[in-house]
Amino acid sequence: MKNGQAGILRGPNGVGKTTLLRALAGLQPVEAGKIKCSLEDICYSGHADGVKPTLTVQENLEFWANIFSSPSISEVAEKFMIIDLLNSKVGNLSAGQKRRVGLARLGLTGRQVWLLDEPTVSLDETSVKIFGNIIKEHLSEDGCALIATHIDLGLENRAQIIDLLKYKAASGELSNSNEAFL
Amino acid sequence: MIALIIRDLRISVRAGGGFGLSLAFFFIIVIFFPFAIGPDLDLLSKVAPGTLWVGALLACLLSLERIFALDFEDGTLDLLATSSLPLESVVISKALVHWLTTGLPLVLLTPFFGILLGLQNSNIIFLIISLIFGTPALSIIGTFGAALTAGMKRGGLLLSILVLPLYIPTLIFGAEAARRGIQGFETQNSMLLLLGVSLLSWAILPFAAASVLRINLR
Amino acid sequence: MPDLGDYAFHVLASYGATSLVILLVIIWSYLKHERVRKTLLSIEEKVNEK
Amino acid sequence: MSFWEYANPVKFLKLSGALLPYLSILAAITIIAGIIWGFFFTPDDYKQGATVKILYVHVPSAFVAINAWFMMLVASIIWLVRRHHVSALAAKAAAPIGIAMTIIGLVTGALWGQPMWGTWWEWDPKLTSFLILFLFYLGYIILWAAVEDPDTAADLTSVLCIVGSVFAVLSRYATNFWNQGLHQDASLSIDKEEHVADVFYYPLIVVMAGFVLLFVALVLLNTRSEIMKRRAGAIMARSRI
Chain A
10 MKNGQAGILR
20 GPNGVGKTTL
30 LRALAGLQPV
40 EAGKIKCSLE
50 DICYSGHADG
60 VKPTLTVQEN
70 LEFWANIFSS
80 PSISEVAEKF
90 MIIDLLNSKV
100 GNLSAGQKRR
110 VGLARLGLTG
120 RQVWLLDEPT
130 VSLDETSVKI
140 FGNIIKEHLS
150 EDGCALIATH
160 IDLGLENRAQ
170 IIDLLKYKAA
180 SGELSNSNEA
190 FL
Chain B
76 MIALIIRDLR
86 ISVRAGGGFG
96 LSLAFFFIIV
106 IFFPFAIGPD
116 LDLLSKVAPG
126 TLWVGALLAC
136 LLSLERIFAL
146 DFEDGTLDLL
156 ATSSLPLESV
166 VISKALVHWL
176 TTGLPLVLLT
186 PFFGILLGLQ
196 NSNIIFLIIS
206 LIFGTPALSI
216 IGTFGAALTA
226 GMKRGGLLLS
236 ILVLPLYIPT
246 LIFGAEAARR
256 GIQGFETQNS
266 MLLLLGVSLL
276 SWAILPFAAA
286 SVLRINLR
Chain C
1322 MPDLGDYAFH
1332 VLASYGATSL
1342 VILLVIIWSY
1352 LKHERVRKTL
1362 LSIEEKVNEK
Chain D
2 MSFWEYANPV
12 KFLKLSGALL
22 PYLSILAAIT
32 IIAGIIWGFF
42 FTPDDYKQGA
52 TVKILYVHVP
62 SAFVAINAWF
72 MMLVASIIWL
82 VRRHHVSALA
92 AKAAAPIGIA
102 MTIIGLVTGA
112 LWGQPMWGTW
122 WEWDPKLTSF
132 LILFLFYLGY
142 IILWAAVEDP
152 DTAADLTSVL
162 CIVGSVFAVL
172 SRYATNFWNQ
182 GLHQDASLSI
192 DKEEHVADVF
202 YYPLIVVMAG
212 FVLLFVALVL
222 LNTRSEIMKR
232 RAGAIMARSR
242 I
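Protein chains in written order, with my numbering: chain A, 10 to 191; chain B, 76 to 293; chain C, 1322 to 1371; chain D, 2 to 242.
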């Protein structure tokens, strides 16, 4: 993977897309192979949004902006089309709107490598398109992204599709912890 | 870290945050003891330090499960773990918020509850000091227990079984200090030991809790 | 048999309780060991046949 | 050849299987010999009369109960540092035996206390800390049972064991301190080894050695069960692939 490139992880359910992303993010131990990237550059976004229903959108974003010490949230909010929602409570939003708030966090981190696990769940068509554009912009700013998804994000030539099924067949092995007992 | 503390405080005072639940629980325990023991104020004042200590401990226990459960479910914990904030400071913030929303209000209300149990002289100050020293230990030990059971279904009961034995030294020293103080004996030794337990817990448990959290996030 | 005097009950009960608990632990461990050993053997056999 | 070679589960199974029969027989002989010596061939204590014979079951079980936890602590640390599965499973295997020994210690303590102190239960620091030890064992065993993934369970229980050790020691001192506050000097102290006369001491040592051998044998047996259980699971997982 180079800067300015995106990888799309494909493969049927249970093939290990989430596991791979979590391992890359440093949440899970890696059983084989190496990661050539500092954990400080990686931003992971999973199935769950990590936004609090009792707080407003603004409070949620401000919190993450603080954690990643990035200054302003208004720019990012505009990009992700949630600027009108800033003052409403997340609990009152629809699933798609909530997802957008969750994704907006990516823009706040200022990190180069985005690891996205099913980012487009519950987004409508226009939001998907906008999100695709955001990723393109991120790529053109020398970032890179690894995305597990089944939907076409419109990244065309920038994206390199990685089908995990092949690797699964090649390396169908036991976990280390089981191996010790054989 | 401060941002995390502020956010958690905000969540806990918003609707459904559970702030006040453990206070109400504490209040009810204090009221129920006279019902069980009888209205004799002399007798009540003798058991009052122990009652208030056990009450505080149970009230603490009640709110432990919430410390990590919500953040674990909605993925916040994953995100925090991948952020530049070390998990140790996440643990410390969580424990601090737990103390601010549970321990501190309990300490502040103790003088009033003491009156209900016949503790009406100025010696109640010893009880309050012992709670000030002891409740932080309850919070951090509880946070460790919550980290241990984060992500488990039916973790609540397990959490109590794991945490209660760890509470024993704090309870013994704390209640001892309060009892001695109220009966007019010197309390220096037990207070210092209580403080020692608190400081020791705060020194070692953030690391243990963070390592356990990492294991649970795998 | 030594004369235990007034304390016969306490002494004998202690020995009784101790041997009871120890025997229970031994039997429990042994039964578990046998059960697991048999399942393992049957599984190994099955895999070898294939 | 290094000691760590036996951290390989398969090698461990072989070695322990060969060792176990001898160990069990040795444990049985030692315990029975020690008990017979102590029960039939030692005089009554001038103060405590025949109850002193409870010594021969009470002290060894208490000794094993405490040291079983200590063994679990060491095994847990080895697991966390060197990731040898046998070590984690040995810690798991020791817990039920430790809790059984704790129960024996408590029951025989009560049976001894009744004629000596006039009550079945006394909040004596030693008895109290045994009750607390019981709680620690309970939490440890329940945590093992509650976590599905074996490696996660091993990690979590290991950390609990280490933290628990710190707090168990604190509790020990706390109970000492706490009971001093109420009673004067512990008139109820049947403080053991310190002033046991030689006649009682030698058979006691034999029984203690027997209990330790029994403990080791039982831990080996239970560790074998755990290893075989994991092995069965691993073979199943492999055949599925």
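The set of hints was computed from the structure by calculation and includes no laboratory data.
Some clues are possibly wrong.
Here are a few chain A residues that face chain B, going by a calculated C-beta distance under 7 Å [what the hints assert, rightly or not]:
1) G55
2) S79
3) L148
Listed next, the in silico DSSO-like pairs over lysine-lysine satisfying Cα-Cα at most 30 Å (straight line) [claimed, not checked]:
4) K230(D) <-> K1371(C)
5) K88(A) <-> K138(A)
6) K1367(C) <-> K12(D)
7) K1367(C) <-> K1353(C)
8) K228(B) <-> K1353(C)
9) K228(B) <-> K230(D)
10) K98(A) <-> K121(B)
11) K1371(C) <-> K1359(C)
Take a look, some chain B residues computed to stay more than 12 Å from chain A by CB distance [as the list claims (entries may be wrong)]:
12) M76
13) V88
14) F147
15) F187
16) L292
Even glycine gets a Cβ: it sits at the ideal position worked out from N, Cα and C.
To see whether the hints hold, each was checked on the structure:
For G55(A), the shortest C-beta to C-beta distance to chain B is roughly 5 Å, which falls under 7 Å, so the interface hint holds. At about 11 Å, the closest approach between the beta carbon of S79(A) and any beta carbon in chain B exceeds 7 Å, and the interface hint on this residue is violated. Because the closest C-beta pair between L148(A) and chain B is about 21 Å apart, greater than 7 Å, the hint is violated. Distance restraint check for K230(D) and K1371(C): the Cα-Cα separation of roughly 21 Å lies within the 30 Å cut-off, and the hinted pair is therefore satisfied.
A hinted pair counts as satisfied when its Cα atoms are at most 30 Å apart, and K88(A) with K138(A) qualifies at roughly 12 Å. Distance hint between K1367(C) and K12(D) is fulfilled; the C-alpha atoms sit about 22 Å from each other, no more than 30 Å. Simply put, K1367(C) and K1353(C) have alpha-carbon atoms about 21 Å apart, close enough for the 30 Å limit, and the pair holds. Proximity of K228(B) to K1353(C) is assessed by CA-CA distance (about 28 Å); at most 30 Å being required, the pair is judged to hold.
Restraint check for K228(B) and K230(D): the C-alpha separation of about 24 Å stays at or below 30 Å, so the hint holds. With a C-alpha separation of about 49 Å, the suggested pairing of K98(A) with K121(B) is violated against the 30 Å cut-off. A hinted pair counts as satisfied when its Cα atoms are at most 30 Å apart, and K1371(C) with K1359(C) qualifies at roughly 19 Å. Residue-level check failed: M76(B) sits 9 Å from the nearest beta carbon of chain A, not beyond 12 Å.
The Cβ of V88(B) sits about 9 Å from the closest Cβ of chain A, inside the 12 Å cut-off, so the non-interface label is violated. The Cβ of F147(B) sits about 9 Å from the closest Cβ of chain A, inside the 12 Å cut-off, so the non-interface label is violated. Every CB of chain A is more than 12 Å from the CB of F187(B) (nearest about 29 Å), matching its label as outside the interface. Residue placement check: L292(B) does not keep its beta carbon more than 12 Å from all beta carbons of chain A (closest about 5 Å).
Violated hints, listed in ascending order, are 2, 3, 10, 12, 13, 14, 16; each of the other numbered hints is respected by the structure.
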